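Visitor: Listed here are the chains, written in short residue letters.
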Amino acid sequence: MNRILEKEHFSEKVVKLVVEAPMIARARKPGHFVIVIPNEKGERIPLTIADADINKGTITLVIQAIGPSTTEICAKQPGEYLHDVVGPLGRATDIRNYGTVVCCGGGVGVAPLLPILRAMKAAGNKVISILAARTKDLIILEEQVRESSDEVIIMTDDGSYGNKGLVTNGLEEVINREKVDLVCTIGPAIMMKFVSLLTARYDVPTICSLNTIMVDGTGMCGACRVTVGGKMRFVCVDGPEFDAHQVDFDEMLMRLRSY
Amino acid sequence: MDNSDTISPRDAAWREQLRKSHTAKERMAIPRVKMTELDPAYRVTCNDEVNQGLSEGQAILEATRCLDCPDPQCVTGCPVGINIPGFIKNIEREDFTEAAAVLKETSALPAVCGRVCPQERQCESKCIYNKTKRPPVAIGYLERFAADFAREAARNASSPLPSHDPMAAPTDFRSDADDSTLPARAAANGIKIAVVGSGPASLSFAGDMARKGYSVHVFEALHEIGGVLKYGIPEFRLPNEIVDAEIEQLRAAGVEFTVDCVIGKTLSYDDLLNQGFKGVFVASGAGLPRFMGIPGENYISVMSSNEYLTRVNLMGAGRPGWATPVIRGKKVAVIGGGNTAMDSCRTARRMGADEVYIVYRRSETEMPARVEEVRHAKEEGVKFLTLHNPIEYLADDNGRVRAMRLQQMELGEPDASGRRSPVPVEGAVTEVEVDEVIVSVGVSPNPLIPDSIDGLDVTRRGTLVVNDDTLQTTIPTIFAGGDIVRGGATVILAMGDGRRAAAAMDRKLSAKE
Numbered sequence: 001m002n003r004i005l006e007k008e009h010f011s012e013k014v015v016k017l018v019v020e021a022p023m024i025a026r027a028r029k030p031g032h033f034v035i036v037i038p039n040e041k042g043e044r045i046p047l048t049i050a051d052a053d054i055n056k057g058t059i060t061l062v063i064q065a066i067g068p069s070t071t072e073i074c075a076k077q078p079g080e081y082l083h084d085v086v087g088p089l090g091r092a093t094d095i096r097n098y099g100t101v102v103c104c105g106g107g108v109g110v111a112p113l114l115p116i117l118r119a120m121k122a123a124g125n126k127v128i129s130i131l132a133a134r135t136k137d138l139i140i141l142e143e144q145v146r147e148s149s150d151e152v153i154i155m156t157d158d159g160s161y162g163n164k165g166l167v168t169n170g171l172e173e174v175i176n177r178e179k180v181d182l183v184c185t186i187g188p189a190i191m192m193k194f195v196s197l198l199t200a201r202y203d204v205p206t207i208c209s210l211n212t213i214m215v216d217g218t219g220m221c222g223a224c225r226v227t228v229g230g231k232m233r234f235v236c237v238d239g240p241e242f243d244a245h246q247v248d249f250d251e252m253l254m255r256l257r258s259y
Numbered sequence: 260m261d262n263s264d265t266i267s268p269r270d271a272a273w274r275e276q277l278r279k280s281h282t283a284k285e286r287m288a289i290p291r292v293k294m295t296e297l298d299p300a301y302r303v304t305c306n307d308e309v310n311q312g313l314s315e316g317q318a319i320l321e322a323t324r325c326l327d328c329p330d331p332q333c334v335t336g337c338p339v340g341i342n343i344p345g346f347i348k349n350i351e352r353e354d355f356t357e358a359a360a361v362l363k364e365t366s367a368l369p370a371v372c373g374r375v376c377p378q379e380r381q382c383e384s385k386c387i388y389n390k391t392k393r394p395p396v397a398i399g400y401l402e403r404f405a406a407d408f409a410r411e412a413a414r415n416a417s418s419p420l421p422s423h424d425p426m427a428a429p430t431d432f433r434s435d436a437d438d439s440t441l442p443a444r445a446a447a448n449g450i451k452i453a454v455v456g457s458g459p460a461s462l463s464f465a466g467d468m469a470r471k472g473y474s475v476h477v478f479e480a481l482h483e484i485g486g487v488l489k490y491g492i493p494e495f496r497l498p499n500e501i502v503d504a505e506i507e508q509l510r511a512a513g514v515e516f517t518v519d520c521v522i523g524k525t526l527s528y529d530d531l532l533n534q535g536f537k538g539v540f541v542a543s544g545a546g547l548p549r550f551m552g553i554p555g556e557n558y559i560s561v562m563s564s565n566e567y568l569t570r571v572n573l574m575g576a577g578r579p580g581w582a583t584p585v586i587r588g589k590k591v592a593v594i595g596g597g598n599t600a601m602d603s604c605r606t607a608r609r610m611g612a613d614e615v616y617i618v619y620r621r622s623e624t625e626m627p628a629r630v631e632e633v634r635h636a637k638e639e640g641v642k643f644l645t646l647h648n649p650i651e652y653l654a655d656d657n658g659r660v661r662a663m664r665l666q667q668m669e670l671g672e673p674d675a676s677g678r679r680s681p682v683p684v685e686g687a688v689t690e691v692e693v694d695e696v697i698v699s700v701g702v703s704p705n706p707l708i709p710d711s712i713d714g715l716d717v718t719r720r721g722t723l724v725v726n727d728d729t730l731q732t733t734i735p736t737i738f739a740g741g742d743i744v745r746g747g748a749t750v751i752l753a754m755g756d757g758r759r760a761a762a763a764m765d766r767k768l769s770a771k772e
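Protein sequence lines correspond, in order, to chains P and Z.
With the first letter of the first sequence counted as 1, position 162 gets the number 162 in this note's numbering; the numbers rise by one all the way through.
Take any residue in the second sequence, note its place counting from 1, add 259, and you have its number in this note's numbering.
None of these hints come from the bench; they were simulated from the model.
Bear in mind that the values here come from a model prediction, so they are computed numbers and not experimental data.
It is possible that part of the hints are untrue.
Unchecked claim - A partial selection of chain Z residues facing chain P, derived with a Cβ cut-off under 7 Å:
# : residue
1 : 482
2 : 525
3 : 546
4 : 582
5 : 668
6 : 701
7 : 705
The C-beta atom is built at its ideal place from N, Cα and C for all residues, glycine as well.
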């Protein structure tokens, strides 16, 4: 049982929770995720870790209410509990000084991207962050992203904030403007697919963090399998980050419609 | 057999007397007991345990069949060498508690093994009755009977019932002293031992070490204790309450459990050392499900048996009020011929599938599943497509599987495993309509531990390298057993590993070697 200490609404359907999980707070690194079971009869939901505080023994989760379980998590109040939180799971991001790193986050994908771009900045990279969402209200964590970015570009589908257009429009401009050594992208699978198609055209190395269906999250069930470079890989233990240019996004998008 | 160290030796006066009470001819005239089973038409509508167990009368009569051989071969067929005639003769003399105590001398989980061991390949295959073309003594049924009797007796003796509140103080649990079938416990020695995983290997290791006086802490990655006994083996074959009773007994013996803790992730091996653990037993079990690498295997509704069974058994999918979804196909194919395949096809029937196929590339003779599971599956209407191998899955426009293409096989020469290897019959390919496929062709060892501890050597197959006798890994403080070492074996072998590792670790830590 993990107690919820703080809650903040980023938008109607997007909630930030600060949750007691001292061992996970200590062990987690950028790129890791956790499995959350909301209540006794709940399902196991993979959620990426947005932040952690070792001293307070907390981790921060950002959740978008899209199904019954995520809606239930979002409805929880401070003082209430998540029945189970297990992690950190997956492999951590390979943080190095690459040179110029562009971090592309879509929707709630910005939350797990935050610790990665922070670490990239701390490792000496020039960090350009592109935050994309449908509309202004859905742009999250902008201030925190600015603190660790050399430049921030905002893209909204409807032009209500920043530039009107998709994340790929912003990214292409940057690539045409300067040398980019690495692109990190986290967001909806369809967004990551188009980021990957774009950067493949320009031959810019790209890592994506995949959000497949999982059950145990520890390498046991195979629900999260994806095809990467023609081989079967398991997102929970081999990922969640992969070379985006090798990922079969169409197959992954199909499998996301399983249930 | 030298059984001088057992609590019911063959030369005990009561046993000698018991042997004389019936002639061998009288004993051999008794027909083998028939297990009472739920009716197939009823049992596919629920999760109730199929085998109903023996009555006292049935058990005593079946125990009377056993000839109490001077050189009992059944014991050699048992992977952990249970004193089989010793416990059976106690049943015959109606001392069921003592029978359970004899079992507990050797087996940490007799109620489990009595249900899931492949007895027809182990103890029962060596029974002297086979030589006279008679069915062997029903050793598995009797083991289950004695273990169930002891559990019920302990439950009835304890009042109030054991608490299931994980936050409750250990004093709330039934004290160890209430269970007279447990071997005596040594004084606490204060040495902390960590156990990774909570399946059969871990539970037996934990039980032994606790009885030797160690302070044992079990770390489980999932949210439930029991490993494969919970997520894998279905309720209709092994009710969770049986497993929970074993776990309660361990708690009563002072074993501590932490769920939701992945060693190598949540806590590192160094964290364990820093917390003062002097030994670690790794039994993290089977991991990655194997797939066949054929076209269409990633279509929707094609999944591993691990995923299917975990959803249903561990996550409660299909039960009202439980959130985890599961695909409920009407025409389901299960690929494979092992126990997990049988569990999957029988689960599919219970989840409402009209037609369920077992697709197996060899013939029924080569099937690794327990004979009883195969029979139960057939009784429940599962169709067996033996000598067939899937070569491709076909999907509809949405990527949902709609059919499988099967290659017909025939048996050729024996392969390395001694089984005749299947070879394709050229041109004999059929297409069978299915809307769900469960792939049950084995697992690879879980990579989490080998990946996260430097200095642990692994084999080419990804299993941990251990000393064959002591089960010590290439890091002296770490021992290992079960599927992480064997790659995929049985509950009884895993349990035996736990016991051997406990003995070896005890010898090392108490500087006896």
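Visitor: Confirm or reject each hint.
Guide: Consistency of the hints with the structure:
no.: 1; hint: 482; result: 5 Å, holds
no.: 2; hint: 525; result: 5 Å, holds
no.: 3; hint: 546; result: 5 Å, holds
no.: 4; hint: 582; result: 4 Å, holds
no.: 5; hint: 668; result: 24 Å, violated
no.: 6; hint: 701; result: 12 Å, violated
no.: 7; hint: 705; result: 6 Å, holds
This entry does not satisfy hints 5, 6, going by the numbered hints stated previously.
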